[in-house]
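Engineer: Line order of the protein sequences matches chains B and Z.
Numbering-wise (the numbering used here), the first sequence opens with residue 1 and increments by one.
Numbering-wise (the numbering used here), the second sequence opens with residue 1 and increments by one.
Calculated directly from the structure, the hints in this document are not laboratory data.
Think of the CB as a built atom: it goes at the ideal place given N, C-alpha and C, for glycine as much as any other residue.
Heads up, some of the hints might be wrong.
[To be verified] Taking lysine to any residue pairs in the SDA-like style, the calculated list, with each CA pair at most 25 angstroms apart, reads:
| hint | chain 1 | residue 1 | chain 2 | residue 2 |
| --- | --- | --- | --- | --- |
| 1 | Z | K59 | B | V105 |
| 2 | B | K35 | Z | R191 |
| 3 | Z | K170 | Z | K59 |
| 4 | Z | K170 | Z | K185 |
| 5 | Z | K59 | B | K57 |
| 6 | Z | K59 | B | L37 |
| 7 | Z | K59 | Z | L28 |
| 8 | Z | K25 | Z | Y12 |
| 9 | B | K35 | Z | E159 |
| 10 | Z | K59 | B | G25 |
[As the list claims (entries may be wrong)] If we take Cβ atoms under 7 angstroms as the criterion, some of the chain Z residues that face chain B in the derived model are:
| hint | residue |
| --- | --- |
| 11 | V5 |
| 12 | L9 |
| 13 | L28 |
| 14 | E32 |
| 15 | A36 |
| 16 | G37 |
| 17 | S40 |
| 18 | I48 |
| 19 | E49 |
| 20 | V78 |
| 21 | E83 |
| 22 | D84 |
Chain by chain, the residues:
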Amino acid sequence: MDLENTKAQMRKGILEYCILSVLSGSSCYASDIIKELKEARVIVVEGTLYPLLTRLKNAGLLSYRWEESQQGPPRKYYELTTEGKEYLADLDRSWDELVESVNLVRTR
Amino acid sequence: MKITVSINLGGYSFNIDEDAYSELKRYLKSLELHFAGEESSSEILSDIETRMAELFRAKLTPYKQVITMDDAQSVISVLGTPEDISDNKETSARDKFSTPGYHRIYRDSDRRIIGGVCAGMGAYWNIDPWIVRVIFIILTMMGGMGLLIYLILYIVLPEAKTTAQKIEMKGEPVNIHNIKDAVKKEFDTVRKNMKL
């Protein structure tokens, strides 16, 4: 068993959930999402985020709009679609269940 | 003294040292190959380029106007090589087989005549694809079995799309050095073709 690989798999599993959670409050610029995910230490390299954002967008869970920026070219702001919000609520519930299950097993 | 190149990255213009430029170009090419199988791969790449421009801008000051090799390498390590990225990538059924050192048969579309089946088998056994082709032609003439087998293999075998898969096809371990070599080789071929 490879510990690093197990950890990477765990991170991978929750990454989409984390991205949707970051966006639950308000729409975000990709670099803001990166900042939050890095602070929470769920991503290691930034390149991981972009394919996921595109996949979530293609799945209809996210949408984006272009917004003018004073510092340079227009920026892409991502936000949850109605479908994305429902998806996130579902994930919230199953996350709580997971934590509960793991705690139950650990305290046995 | 060094030669610099002027580039447009994510809507900003940068002056970049020549060596840093080729490093960056190689990196972007390796990402392009990595995401080649992905839907909207060009969108992913342009997002990454935009982020790259942002990271480079943070490295420039009124007293430092040129992107150096150090800057390029540090930005590449922040963004991550294809190897780092695929670590967290959602593993599709096909990617699960793509473990380091795995030796698989793919269809080799780079050297194909029809569908790349024979070229892929040649690459797998490290023999001239023409040997495989001749066998298929003989089998086809002896009652048509060759054609049927070819069709089945064409459907069953995946095409080697990413650099990693092309390396796997030859049975070499997939690591960043191999990918770098393969990408460099591709560059050289393109450059040679341009000159012709």
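Engineer: It remains to establish, for every hint, whether it holds in the given structure.
Structural biologist: Results for each hint:
no., hint, result
1, Z:K59 to B:V105, "violated, 48 angstroms"
2, B:K35 to Z:R191, "violated, 39 angstroms"
3, Z:K170 to Z:K59, "violated, 40 angstroms"
4, Z:K170 to Z:K185, "holds, 15 angstroms"
5, Z:K59 to B:K57, "violated, 31 angstroms"
6, Z:K59 to B:L37, "holds, 22 angstroms"
7, Z:K59 to Z:L28, "holds, 19 angstroms"
8, Z:K25 to Z:Y12, "holds, 16 angstroms"
9, B:K35 to Z:E159, "violated, 37 angstroms"
10, Z:K59 to B:G25, "violated, 31 angstroms"
11, V5, "violated, 21 angstroms"
12, L9, "violated, 11 angstroms"
13, L28, "violated, 11 angstroms"
14, E32, "violated, 12 angstroms"
15, A36, "violated, 12 angstroms"
16, G37, "violated, 11 angstroms"
17, S40, "holds, 5 angstroms"
18, I48, "holds, 5 angstroms"
19, E49, "violated, 10 angstroms"
20, V78, "holds, 6 angstroms"
21, E83, "violated, 10 angstroms"
22, D84, "holds, 4 angstroms"
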